[in-house]
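Q: Here's the letter readout for the chains.
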Amino acid sequence: MSHLMGWLCHYTPVEILTALGYTPYRLLGREGNNPRATTYLLGNLCPYVQSCLEAAIRQELPPLDGVVIARSCNAMIHLANVWPHYGAGGKTIVLDVPRRLNEDAIFYFSQNLRQLAVEAALAGQQRLDEKRLWAAITWWEEQRTTWRRLLTRRAAGEEPPAGKEIIEGLSRWQTSPNLREADKLEEVITRPAHLLRGKAPSQPRLLLVGSILPWELITMVEECGGLSVFEDSCNGRRLLLNPTTTAVGEGDPYLYLARLYLESPPCPRMVSDREKRRRYWAAIVDQFPIQGIIYHVMKFCDAALYDFLDLKVFCEKRELPLLRLDGDFSGGNRGQWQTRLEAFLEMLEVR
Amino acid sequence: MSLTAGVDVGSLTTKAVVVRDGRMAGAVVLKSGVNSAEIAEKALQAALEQAGAGLESLDGIVATGYGRIRVPFAGRRVTEITCHARGIYYLWPEVRTVIDIGGQDSKVILLDAGGKVRDFVMNEKCAAGTGRFLEIMAGALEVPLEEMGTLSRQAGQGANITSMCTVFAESEVVSLVAEGRPVAEIIRGLHNAVAQRVVAMAQRLGWEEPVAMTGGVAKNSGVVKSLEENLDTSIRVPPDPQIIGALGAALLALR
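Quick note, the sequences are listed as chains R and Y, same order.
Be aware that the first sequence starts at 769, since it is given in the working numbering, and climbs by one per residue.
Be aware that the second sequence starts at 31, since it is given in the working numbering, and climbs by one per residue.
Be a bit skeptical, because a hint or two may be false.
Stated by the list, open to error - Simulated pairs of lysine-lysine, BS3-like, Cα-Cα distance not exceeding 25 Å: (1) R:K932 / R:K1067; (2) R:K1085 / Y:K146; (3) Y:K249 / Y:K61; (4) Y:K72 / Y:K61; (5) Y:K255 / Y:K72; (6) R:K1080 / Y:K249.
It is worth saying that the hints were derived from the structure and are not from the lab.
Start from the sequences, fold in the hints, and give me the full structure.
A: In structure tokens, the structure reads:
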């Protein structure tokens, strides 16, 4: 049985966990209410974070050796405080993630990653060998390349696999306990590629934005007649990181990883990196002929709310229709979203 | 000759409109029930009777509203946002903002010069600022819903209702009654509370003049007055604001 190490935030370098002999296992939350988690966390805290704690309390997670909680937002900090007492057991490792991007931040983050490697080491394990870490980096990069190649097909005017199929595939990729087995990998990454259908349909091409996107939303968008061609979220395309200009295998692997994660498309929490986020949206809109944008605002997520205001200005300048949907990750938002989604798609169709 | 129908199944009422050659030939409003399909059919039959026509002579039926998916005989389903926009464009093509307050939701719709929806915003998952909110308050005050508008216009000032949550607002109303505050002032305060909620949505959207109001709550002159005061503009209200969604649906069935 593999040693599973849980993680939540996409700023967690899974390469280090792999190099240490763990299988990284992403906590993706659960649908439904979180009555047990709200005993320990305030009700007005991120529903995704709450649902991860709820899953742990209800013993719905596989046995974990521990969990890495990135201090990426306020809700994660609260989770890191309560997890050792009420979580799934094992180690609780806290990883501080800088909020800005400059050379000092990259150096600081690389030092935190070095510390992560020490804290996460299995009992009796020696210091992590750099060769081993480079091998893990290469392995993850190969997989991300495969994903990126597949998802770029969505820009090519062909009918891509549905957003639901992509997000299901990405979720399996982040939670498969046997990911290193070649046949499993084949099944997880290449399965959506077989679903390419040929000519693109005439459905409105949409960009879905949010911190973490609920499956329910992507499914509904496509049931209502839209085509989700890009998911700017930490469980969507943002997860695949952009390759850095530094060559793999050269220099300090921790510095490499720090640069890889911090220089990738920024999450809404990177408040000092707004311009980069605007450039990212502009590139997506142009490359993936986007006709409309849907922003899912996770209840109580301040970072997402500020990000939405920025996106609103961006959309006004580009004359792109924008729909904001609020959700709580509970799986019970269908009724509220249906009319808004259908009306938005009707609006796009008559343009 | 063309004959089309629109059926708007709302949470409180079901409306049907029949349009002959682009002109309204019949319109009916019934109370919604648990069986949406049955009520929708009854409303349509009644509207067809008014128009002196039969079901077989219809060229198209569009269903809209909250219960649109439960109208089995509709040829097409269109959201109430598009339908209200179309209905108002038919009446007043120059209108640029539509405020629609129905039984369970409120919305603000921006139109372009061609009557197409430019943008829209709807209330959150909450009864505040909807017809249902006023219905519950009317119950708490033991006042018939239809009289709320007239009563509120008699008040010199409105009571301050601080809570927008329906449950808390109800207990605030009960406290104001216990304090001996005149009912008319409480109602005016409630209308202001609804108006402020909707105006915040309109401002978020960047509303433009002229403004029209549709939906059942537009029949309440007190809410219309509060909205006019808060927006500092006059609001056009159609003779029967409740049927505008169904009218828009019938017009869209012409396509």
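Q: The structure should be examined with respect to each hint, and the outcome stated for every one.
A: To see whether the hints hold, each was checked on the structure:
1. Restraint check for K932 of chain R and K1067 of chain R: the C-alpha separation of about 22 Å stays at or below 25 Å, so the hint holds.
2. Restraint check for K1085 of chain R and K146 of chain Y: satisfied, since their Cα atoms lie roughly 20 Å apart, inside the 25 Å limit.
3. Of the pairs offered as hints, the one joining K249 of chain Y and K61 of chain Y holds, with about 16 Å between alpha carbons and a cut-off of 25 Å not exceeded.
4. Between K72 of chain Y and K61 of chain Y, the direct Cα distance comes to roughly 11 Å. Compliance with the 25 Å bound is thereby established for this hinted pair.
5. Only pairs whose Cα atoms come within 25 Å are accepted, and K255 of chain Y paired with K72 of chain Y is rejected, the gap being roughly 34 Å.
6. A C-alpha spacing of about 34 Å is found between K1080 of chain R and K249 of chain Y, which places the hinted pair above 25 Å, so the restraint is violated.
The earlier numbered hints that this structure contradicts are 5, 6.
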